[in-house]
Amino acid sequence: MTPEFLEKYEPVIGLEVHAQMLTATKAFCGCSTEFNSPPNHNTCPICLGHPGTLPALNENLLRFIVRMGLATNCKIRPRSIFARKNYFYPDLPKGYQISQYETPICHNGFLEVELKDGTMKRIGITRIHMEEDAGKSIHDFGAETLVDLNRAGVPLIEIVSEPDMRSSAEAYAYLTAIKSIVTYLGICDGNMEEGSLRCDANVSVRLRGAEKFGQKTEVKNLNSFRNVQRAIESEIERQIGLVELGRPVIHQTMQFDDNKGVTRPMRTKEEAHDYRYFPEPDLLPVIVSPDYIEEVRSEIPELQRIRRDRFVADYKLPKYDADVLTAEKSVADFFEESVQSLASKSDESRKAISNFIMGDVMRLMSERKENILQLKLQPHYLSELVDLIQDKTISNKIAKDIFPDLPGSTESPKQIVERRGLVQVTDADALRKTILEVIAANQDNLTKYRAGKTNLFGFFVGQVMKATQGKANPEIVNELMKAELESHA
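The numbering of the sequence shown is my numbering, which starts it at 7 and goes up by one.
Source of the hints: derived by calculation from the structure; they are not laboratory data. Misleading hints may appear alongside valid ones.
Stated by the list, open to error - With a cut-off of at most 27 Å between alpha-carbon atoms, the simulated BS3-like pairs for lysine-lysine come out as follows:
(1) Lys81 / Lys335
(2) Lys472 / Lys454
(3) Lys335 / Lys122
(4) Lys357 / Lys382
(5) Lys439 / Lys325
(6) Lys488 / Lys403
(7) Lys357 / Lys406
(8) Lys439 / Lys454
(9) Lys454 / Lys406
(10) Lys14 / Lys81
(11) Lys100 / Lys81
(12) Lys351 / Lys382
Required output: the full structure, derived from the provided sequences and hints.
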């Protein structure tokens, strides 16, 4: 698709995000929500829809959705009801899904999202409602399809945006903000790969300046942030291509082939009347009092963007550092615990903590495929390590050498340094002796240095560090080496 066509048309995008709630039990029964249980293990007559059973609302599902509604500036409906959404599929044992239709509990909200260029974009939220998940069909066995009903009845909230996004980048920023909020609130782990967070994208195109929306399609079951962006871009190009050829865009459900990077039709899009919604007769209306709303409001923690701005203001961190550190609540918590344990409360020490987390800690998390809690690294160990650098007990190199020993260790950095004899050498006389030995052993390089090849200065310093096994104080070595080389010049 040429840039001219992309400039000629304006995409209109809305997202529907399903977030699986971190409740211990299902939405309307006492079955466990544990992931990766044996197939069909977490089931009971209620979530299997047996005759004569009665569902009962999980109070944590209600609490979690009100928490999400307040965090996204939604109005909370004091009285809402559940509805039956009727459709037939092997992984839906009741033949219907308990959801909300005409009276979603949260409505008319918005999010302010920050785009890459630093500008803010307000995206409206039409509704957030409660519902239960379906089971899972497994198509990995040739001609046979197996059904696992562990997921049937797991509590979900669906977050439906207004069609306010005008690019795949804006959709990406919005989805990132949603993930940040649900994880900071502690209501969802945000794992798209495991299906805890799922996204469908409604996409249409229109001529720039036009008021009327084009015909939309819905791209279903996108399983990563990157694929959401890629699928939207592919669908925009596909629709522009159809319009340019004079062909209609059909209201249908699309699927995204992430290997080929293209969207393909899956089925004709269902309309609301196809589901034959009607009020759920087995559940009472949900009544939410003002006192309950205020109680839930008091549980809302400091969210990512506010925390990021505070890290910049209070800890004097660059905005880039603050963005990285607050992207995950557990990492932000770890940083703050580390900072609080510092003996030195200087800006330099706090920046050193930030550097260690963004570098060594995150590298280890990536290598081990573990989050910061799974690393079992104690925050006060990182603080102590930085304090040892700041008071010149050890060099930065020694600190990086012993860092991999800290996760899961019962030994503190100070104990490791003492046991391994890694205390930094600061005795000027001892270091001068080593420096003279290094110069004497490298007369050829000394001659080149005296001839003007001053970049060999780093070589001489490196030889001293090697001779002292990295324990020499680099600042003192640099100062003494410069004096000795100039005296030999």
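*Hints the structure violates: just list their numbers, smallest first.*
The structure conflicts with hints 5, 9, 10, 11, although it agrees with all the remaining ones.
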